[in-house]
Every structure is written in C-alpha cells, then in structure tokens.
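2 protein chains.
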Amino acid sequence: MKFSIKKSKFIEALNVVSRAIAPIPVFDILKGIKIEIFNNYIILKASDSLISIEYVIDKYIDDKEMFSTDSEGEIVVPSKYFIDIIKKAPTEYIEFDANSNSIKISSGNSEFNIQGYEVNEYPDFPIISKENKFTISANLFNNIIKETIFCTAQNDQRPILEGVNLELFNSILTATATDSHRLSKRKISLENINTEQTFNMIIPRKALQSVQKIIENRENDIDIYYEDNRIVFVYENITYIILLISGKYPNTDKLIPNIKVCEVEVSGNILFEAVDRVSLISRDDKNDIVKLSINSDTINIFSQSKELGNAEEEIYANIKNDEDLFEIAVSAKFLKEAIHAINSETIIIKFSGELTAFTIEPSDYHRDIVQVLLPVRTY
Amino acid sequence: MKFSIKKSKFIEALNVVSRAIAPIPVFDILKGIKIEIFNNYIILKASDSLISIEYVIDKYIDDKEMFSTDSEGEIVVPSKYFIDIIKKAPTEYIEFDANSNSIKISSGNSEFNIQGYEVNEYPDFPIISKENKFTISANLFNNIIKETIFCTAQNDQRPILEGVNLELFNSILTATATDSHRLSKRKISLENINTEQTFNMIIPRKALQSVQKIIENRENDIDIYYEDNRIVFVYENITYIILLISGKYPNTDKLIPNIKVCEVEVSGNILFEAVDRVSLISRDDKNDIVKLSINSDTINIFSQSKELGNAEEEIYANIKNDEDLFEIAVSAKFLKEAIHAINSETIIIKFSGELTAFTIEPSDYHRDIVQVLLPVRTY
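Chains as they are written, first to last, in our numbering: chain E, -8 to 370; chain U, -8 to 370.
Be careful, since some hints might not be right.
Unchecked claim - No more than 27 Å apart at the CA atoms, straight line, and that leaves these computed lysine-lysine pairs for DSSO-like: (1) U:K78 x E:K327; (2) E:K78 x E:K0; (3) U:K137 x U:K(-2); (4) E:K297 x U:K204; (5) U:K22 x U:K55; (6) U:K137 x E:K327; (7) U:K71 x E:K277; (8) U:K55 x E:K95; (9) U:K324 x E:K71; (10) U:K178 x U:K71; (11) U:K282 x U:K327; (12) U:K95 x E:K327; (13) U:K282 x U:K239.
These aren't lab readings, by the way, just hints derived from the structure by calculation.
Put together the whole structure using the sequences plus the hints.
Below, the structure written as structure tokens:
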C-alpha cells in the first residue's frame, strides 16, 4: 500500500477516530487505527469495542486533492506514536509505503520505519442496518445531551442509570437521565417522522460525551440509525457505532410530583450566583447542602460548616406560598446544575413538600424540559 | 478591625501571597494569610516557612481609593476558602468586620461569618537587612532563571544541586545549574555595583519558580538584598523572603571542556525540530536517546526503539571535523532543552570526544551562556 496524504486533513481524521481508543484497551489490536484505501476513499477506523468510529476522507475537498494513491490496501498503525509522528511531520503532504505490517513514513528529510499491527486481527465493524432511521439537527441533539447527561449516575450498581434513556413515541423524542437523587427530562417533537416509529433505548454516557465533541457548534443534521442493541450516528463523513446498555429503563414519569404547596418564580442567574456563593462554605462537606427559606417575597439561602462558619444571602422572588414560611434543604451542586440546564432568564420552582421532590422549569415553557430534585433531610 | 476594600485589587494581592502557601503546610497556621492594617497600608503575608511573600496595598492607586478603614488591626484568614469567597463577591467593594478571630465579610446581600486563625500564633517575618544589595531588571533576571533552572537536579541526594547557584565576583553575576548530566552557565556584567561586593549562594528551584511568576513580562527593576542564609527580592510592592540552600556549590568551571575535535554551526531551530521528531520513536524508553552522526556537511539524527521501529533525519550544517565521521549519542530531552535555552538562530556545538562532554553556545556570542552535555554510552 502506497499513498500520500495532506497532513492537516489526516490529523483531523486521526483526532476524530482516536477518541474511540481506550487508555488501556482490552485487546492489543485496539491500540491501533485501521487505515483502508480503496477506490477514491481513505477510511480510518478505531474502536474500544463499545464505541467504534469511522472517518471517511474524500479524495477531493473544495477541488483540492487530499491524497493520491499508488496502490490500495489496509494497515493498522499504533495510534499513540503515529498521531505524534504525523503532527510533527515537516511537510504539507506525507508519504506512506507499507509492506504487510512494516510501514515507512516519509516527510521531507525525515523518515520513520515503524511496525504496524496484523491487519487480519483487526475486528470487522458491524454492517449497519439502514431500516430504522430518524434525523435531527446536530445543534438540537447536542442540547438534548447537555440538558440530561449530567444527571446520569456515576458508578451506580444499576448500569442502566449510567446512560441517557432515549424514547420515541407518537413522534415525541424524550431524553431522560436520573441518578435517583435528581432527574432531567427533555422532550421534543420530531418532524418528518413516521408516527408508527417507536423505540426505547439507553445510550452509555461515555458514548454520548464522545459524540458531543464532534457535533458541538455544528449545524448540519445527524442521521441516527437504530437496531436492537446498537445506535449509529452519522454526521457528515463521521460514523459512530455505539453498543446500547441492555435492560429496561424505569418509568420515571411517576417521579415528577403533581401537587404543589409553594411556587417560586425567580431569576435563574441570580439564584444560581447566590447558591454558588453561599455554598462555598459547605462545598467540602460530604453533603454540600444549602437551606432555602421561602418567605412572602424573598428567598433566604443559608449554609454552614462546623469548621468554617456560615454564609447567607437574600434574594427577591415572585412567590405563591400556601404557608407562612416554607423551608427546604438541597444539594447546592445539584441545584446549580439543574438551574444551569434549564437555561432560562426566569425559572419556576414548584415545591410539593419539605421532604418531597420539587421541579424546576423555564418560566416561559419555551422548551419542554423539567428538572426534578429530591431535598436532603438535615435532621 | 473594620475595613472596606476594592475587590479586584484585593484578589490580585491574595493571588500573589497565596503562592507561598504549601499544599500541606507544616503548621496549621501557615494555611492562613495574615492581613495587617496600619496607617495607610494593608499588608498581606503568607509563608511556607522557606518562602515568605508580602504584598503591600497602597491606599490610593492612580487617585482611586483602594480601601477605607474604620479601625486598624491584624487577622489571619483561612486562605483556601477566603480567596474563593472574595472572588465570588457580587460587589466592587467588600466590607470586613473582625472581632478577634471571628470575621464577618459582607458584599451586597451576601454575608459570611468565618473563623480566622489566632493572630498571635502567626510567625513573625524576619527583619530584612538592607546592608547588601544589588539591582537588576526583572526581564533580565527572569531570563537568567529560565536559562538555568531546567538544569537543576530533581530529587538528588545532594540538595545543593536542587538550586541555582548565583555568584557575584568582579561585578560579574554568574548563574549555574547542573544535575551532573548537564550544566547551564550564564554570566552578565552588573553595572552600578561596588566591585568589592561578592557572594556565592544557592537559591532553591521552587523559590525561583515562584519569583518567576511575578516578574514574567515585567520591565521594572528588582532590588535584591542578601544575607548569610537569606535572599530577598523586592519587586514594586511585593517582597519575597527566601531561605537559601546551605552548603558549598561545586566548582563547575572544570566541567566545561576546553579541547575540541569537531565543531558544528547549525540552525538551532532546524536541529531542535529534527531531534524532536526523530526522538518520538524513543521517548518512552528510559533513556530517550538520539544518535548524531556528523559527516562533512550534514548531521544525521537517528533513533530506534525495539518495540516500535526507527526514525532518521538529515540536516545541513557548517562543520569543522578533525575526523571523517564523528558519532555521539545523547538524551534527546536534554539536547532539546539546551538548544531552547541558547535561544539563538544559529548555534555552535563543540565536541571534545565521543564519550566526553560537549558544549552549545549561541553563534554570535551575544549572550555569555554555555550549555554542557554529557553524551550517553550506547554499548
């Protein structure tokens, strides 16, 4: 196999696929990146066996030649060294000459002779069924991930909680994540979709984080294909193949309270900043707790630590309170993350009781999103 | 003690002095920052007992009032939390009201009540003798540190090698560092100095790194006071008091070879880049070695690793060689760092033998600096 490739494009492709490579891969061969040349394409592949990424380099981009080939073939290069060698190459185009798994890399006066992996040992990527598909803008899908992923459980005994639940029913796509202390649920209406189409799957957090890096600040559409145990994201020339978490996601609708004893309308930003400040005093405690005392037109935020002292701050809010004084204690971190996800100038907090879950929503309901938090017992 | 202070100035001062605070201080009280108010000054102090930093805040800067005081006094605040509380304060000026070691911090609607440390327990800073002094521009002194500090030994059995040796003799200031595999020596002529003034001291690496952060990209002069066991740097309103490493620094002049069998004049940048690339192949080996083969008008740089393969690159150079072929093996990291420190378009390398030390100097000798490297035995 012999080819010459434009350095900048090659680095871009290597950076994308190398995200799939695990720090300590299960199999040695998965330390490698597979490079396939056939017809007018160069295809790069990498995988940690749960996430597999493929990047197709077109021969011409904007009429510029990205590569030229003397002969087709396949090689598997050691990712760790290879990417640095390419990054430091002194010329615009880099030449490769591979004879079975012995690879020569030339750039100007520099020449590397490195050992590749045995191509036949590299696992085949699955063939993607194109039967079930929907399309969503990269920007919108990135938001859905951001708005839910932080609520996934970390190191939970139930692996299903370590992913985001994605459900399609009646043309409504619902993303849900919960660590059993809090929950985030975001719904959007999909257009141009067969109303008969339904699915319910759990996508691993790590895979979504990897996808996020590609689609952040991008505008084009993502094609999403799904099968029983796999979801495939295709964005432009990049394909992500992801193994789903198997299991049945719990019914989370019953976790959202529908009674209300106190309702607060407040600036999301002002509440966030006040909680952020007051909780400085308790952030090193195991439970980083702030106490909210809701009066007729103010919220008092209070926190204390035995070692350090206490802090409090009062902010104005629009309050409908059935009682004279409503008090609740909550994790400052969770409260801040929920306000951040709501991302609305004004937020509505609905309390159902001092020891029961409460909800946070955007005041103008411009997005169908709800955050549910459980208060903390302080006595 | 009661005062109000401009947030931005206070943060600046806190950031400077907090650099002295050790991650795990020997004494609990050294987790604190001492704040003294008297006359028209606020003075901040912090120390890890080897490095002590003092920052004086003037009452007026450019006619703007930095602080106002209701009553004078001293407090010791817990640095870790205190700086974050100040950074997140919502108002331009922050108010303090301290009653013995109970401290109230107010900013807008937010109020913190924190415990300070016992002021009497805070160690006194030494009184600085102003007897012996010299002055040097911050920029030049920063360069001298940069050009030598990387050669100090890491975790050596001899603590004296973990500092930079600073010597004054005949109005020449010499900075030297060596880890016994390589050496950097930089000399400058001091003006306006009493030719009788001499000293020879070893300044701990960590202290110099801390000083560097303050004087980087600064142009004013530093006043340097020295005593038997201490050196004091005064830059504007910041004072660094540093305990010296005790002991006698070895005579390093005899380590600089004065015979020469091969002399190479080469672009510093081209050699650096070539070594950087070729050594990619060996960087994970214990000895990250490149082999230089010096011919009549080229240098061939070669490296190999059993696991990975090999790399080589040829570059042009102006060579005076007593032999047909001169070969030497050297640590790529040390060679790159030496070229970097020389910081000259063209460098002169003088070899004294294949197994003896060689030197690198700037070709125009515009700065009196020399790097000495020991080759590595490869058989």
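How the hints compare with the structure:
1. U:K78 x E:K327: holds (18 Å)
2. E:K78 x E:K0: holds (11 Å)
3. U:K137 x U:K(-2): This hinted pair is violated, its Cα atoms lying about 33 Å apart.
4. E:K297 x U:K204: Violated: K297 (chain E) and K204 (chain U) sit about 36 Å apart, past 27 Å.
5. U:K22 x U:K55: violated (31 Å)
6. U:K137 x E:K327: Distance ~43 Å between K137 (chain U) and K327 (chain E) Cα, so the pair is violated.
7. U:K71 x E:K277: holds (17 Å)
8. U:K55 x E:K95: Violated, at about 66 Å.
9. U:K324 x E:K71: holds (19 Å)
10. U:K178 x U:K71: violated (40 Å)
11. U:K282 x U:K327: Holds: K282 (chain U) and K327 (chain U) sit about 13 Å apart, inside 27 Å.
12. U:K95 x E:K327: holds (25 Å)
13. U:K282 x U:K239: violated (36 Å)
Figure legend: structure checked against the earlier numbered hints; hints not met, in rising order: 3, 4, 5, 6, 8, 10, 13.
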